[in-house]
Amino acid sequence: DFQMTQSPSSLSASVGDRVNITCRTSPGIGSYLNWYHQRLGEAPRLLIYAAIALASGVPSRFSASQFGTDFTLIINSLQPEDFGTYFCQQSFVAPWNFGRGTKVDMK
Amino acid sequence: QAHLVQSGGDVVQPGSSVTVSCKTSGYTFTRHVINWVRLAPGQGFEWMGWVSPHDGDTNYAQRFRDRVTMTTDTSTATAYLHLRTLTSDDAALYYCAKSADPGPNRPKGGFDTWGQGTLVIVSS
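These protein sequence lines are chains A and B, in that order.
Under the working numbering, think of the first position of the first sequence as 417, with each following residue one higher.
Under the working numbering, think of the first position of the second sequence as 43, with each following residue one higher.
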């Protein structure tokens, strides 16, 4: 299976903060990387697909970048509804496995 | 807008099996594969496989291949997950999720719609 190393595993932030979450893959997966957000008790929501494309309906404060096998999700000006857990997922080779998640809570 | 609604939670005995349903609406059911993903306590998401409503084709993750069956009913636009020989390690939230891209190829568009999740508890 492809290795997905997501970091940090958790972070504390305040409303208005900029947050960066990273996912590193081994081996490379091209741009087949997706990001999801899950709030407690809710279903996951697709935020970013194909490494940098914003999913439909996702606010523009979310963005993403790729440098080789390093992928970064960026949240500009964190909002109250953004707390929860973020997951990356590779969709290059089955099984389409996920990172272990980054829990974002309030500082 | 696509919508996926799953069956309610279940308590099952070790060694038994469980079936979870996923009723879809709001899109053409046969155009997109349905994936099954689970989230166990203390673990990350784990992809179990996909089923294509178009032709019934499946692709199971290796570790589930000998005890999982995924099917669809096009008359009701519903997908099913059947998992056999359950152990305590199978206690988890099970999700169905629709691939954004049509067809069974690499889901570069990710999983754009998820069900609400079905809690399966394994207990004697």
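Think of the hints as simulated: they come from the structure by calculation, not from any bench.
Be a bit skeptical, because a hint or two may be false.
[As the list claims (entries may be wrong)] Derived SDA-like pairs: lysine to any residue, alpha-carbon spacing no greater than 25 angstroms straight-line: (1) LYS65(B) to PRO424(A); (2) LYS519(A) to GLU497(A); (3) LYS150(B) to GLN454(A).
[Stated by the list, open to error] Covered by chain A, per the in silico footprint, the following chain B stretches (three or more residues, Cβ under 8 angstroms): (4) 53-67; (5) 110-119; (6) 147-153; (7) 156-162.
Quick reminder that beta carbons are idealized off the backbone N, C-alpha and C, glycines included.
*So which of the earlier hints does this model not fit?*
Hints 1, 4 and 5 contradicted; others consistent.
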